[in-house]
Amino acid sequence: MNEKIIQLEQQLQSAHGTARIDLLNELAWELQTIQERALDLAAEAIALSKEIGYEKGQAYSLRTQAFCYYSSGHYDLAKRLIMEAMPYAERENDHTLQIQLLNTLADAHRRLAEFSSALEIGFKALKMCQQENDNYIEAFVLISIGLVYMSLLDETKALEYMLEALDKCQKTGNMHGESITVNNLGKIYTTLEKYDDALKYYERGLEICRHVGNRYGEVFALNDMGRIHLKLNQYDLALAQFQLGLTLAKQVGHKHNQMVALIGLGECYLLSQTSFRDLDKAASHLTNALELAEKIQDKEEIHRAHYLLATLYQEVNQPQQALYHYQQYHHYQSILFAERSNRQLTNVQIQHHTDQTRQALDNLRNQYHQMEEDYQRLKSFLNELLPRQIWQYFRELSDTDPQRYQKLKTLFSRTATFLKKAAQLDISELNALIKTITPTLNATLKRAKQKTTRHKSS
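Residue 1 is where the sequence shown starts when you use the working numbering, and the numbers rise one by one after that.
One should not assume that every hint holds.
[What the hints assert, rightly or not] Here are the simulated lysine-lysine pairs, BS3-like style, with alpha carbons at most 27 Å apart:
#, residue 1, residue 2
1, 255, 295
2, 231, 299
3, 171, 157
4, 79, 295
5, 171, 231
6, 157, 194
7, 200, 124
8, 231, 79
9, 299, 281
10, 194, 124
11, 171, 124
12, 295, 281
13, 231, 200
14, 255, 79
15, 127, 56
16, 171, 200
17, 56, 157
18, 56, 4
19, 127, 194
Simulated from the structure, these hints should not be mistaken for lab results.
Generate coordinates for the entire structure from the input sequences, incorporating the hints supplied.
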């Protein structure tokens with residue numbers, strides 16, 4: 001338990017009223033990875049807040065509850081709680097709370113495979129972080145955006161955002177964020193089959209998670225390291241990590257990681273050719289894992305469990321059971337193939353939309369620069385053409401009189417048109433034109449000079 005949590009626990013013992021509610025919410029947020037404890041604290045805070053009509057207390061309690069329910073797979077409930085808290089955050093201009101709510105909302109959309117919404121919300125939160133110059137919270141937003149790109153099978157962009165998040169974490173001393181980031185970097189390098197790099201990140205992640213008390217991160221790292229050792233046929237190392245992972249996942253009540261650890265243990269007992277090979281244990285672990293996977297509808301793990309059970313039943317000469325699991329394996333394989341194709345297509349569409357938006361902004365920027373250059377050229381021309389007093393008069397009018405400014409724009413436009421046409425004349429035609437308009441121009445300039453004199457005297 002870190003020092004901040006100990007300090008909050010001590011302060012809570014003598015706190016009353018809104019101070020107690022604020023401490024309950026702060027402590028609940030610090031203990032968010034210990035879900036049961038965090039939810040108990042948030043429930044007490046929201047009950048006290050309702051008694052005295054303390055809106056801030058209710059909003060921050062909803063924030064913690066939303067995060068906890070998101071973490072346990074109740075994504076729609078998390079979204080609903082966020083929508084309840086958001087009006088307070090927006091009304092009070094509480095940007096920190098807004099960003100935290102938006103970030104959890106983006107994560108919930110990602111888990112529900114609503115990737116376009118997840119990115120839109122994530123980038124909105126990122127913009128707010130940058131406006132507030134809040135590098136600490138920005139790191140968590142960058143992590144969430146990176147996770148969306150991981151889901152979209154775009155490891156290049158995922159790596160880009162995770163490395164930026166890691167930089168923000170290290171600059172701000174955000175060790176909790178760093179523990180999450182390095183674990184995700186391990187996952188990206190695992191997908192890229194760069195196992196040595198992945199293990200280095202996971203080992204660092206495990207170290208930081210234990211230091212800051214991030215038990216969720218610790219169990220993720222253990223299970224993912226176990227899977228790498230499985231890929232490398234290092235069954236003894238994998239078995240030890242999955243056993244630790246399962247124990248810790250049960251302690252924190254994390255069903256997904258219990259399922260991952262059970263599948264990993266089943267695979268170790270099934271495929272290892274060493275003395276700890278045990279097909280009965282393999283069958284037990286894999287059956288329990290499949291039951292959990294079906295409860296939380298994790299298609300990837302259902303697919304994996306059916307494949308391993310099919311292999312097991314074929315080996316023990318139970319063809320009917322083996323056939324059933326092979327059929328289920330192929331059924332989920334076709335579903336996952338379709339989902340992956342859709343994710344890749346979604347990523348292409350998002351990238352196309354992003355490129356179109358970027359191109360439109362570039363076009364607008366270029367148009368603005370062109371207009372600015374045209375204005376400066378015309379300004380320079382008129383400054384040279386007109387007497388200084390007349391030019392000064394025009395400038396003063398353009399600053400103070402919108403109606404005359406419009407007339408001045410018209411004059412500039414006509415002058416530019418005249419110059420364009422004059423450029424097309426030969427020298428004799430141009431001389432004749434100048435002789436024709438000179439008297440009129442002189443008279444106009446004289447009247448303008450007189451007006452300038454009167455304007456200044458008044």
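Hint by hint, here is what the structure shows:
no.	hint	in the structure
1	255 - 295	holds, 10 Å
2	231 - 299	holds, 20 Å
3	171 - 157	holds, 21 Å
4	79 - 295	holds, 21 Å
5	171 - 231	violated, 35 Å
6	157 - 194	holds, 17 Å
7	200 - 124	violated, 33 Å
8	231 - 79	violated, 37 Å
9	299 - 281	holds, 23 Å
10	194 - 124	violated, 33 Å
11	171 - 124	holds, 23 Å
12	295 - 281	holds, 21 Å
13	231 - 200	holds, 16 Å
14	255 - 79	holds, 20 Å
15	127 - 56	holds, 24 Å
16	171 - 200	holds, 21 Å
17	56 - 157	violated, 37 Å
18	56 - 4	holds, 22 Å
19	127 - 194	violated, 33 Å
Of the hints listed earlier, those the structure fails to meet are numbers 5, 7, 8, 10, 17 and 19, in rising order.
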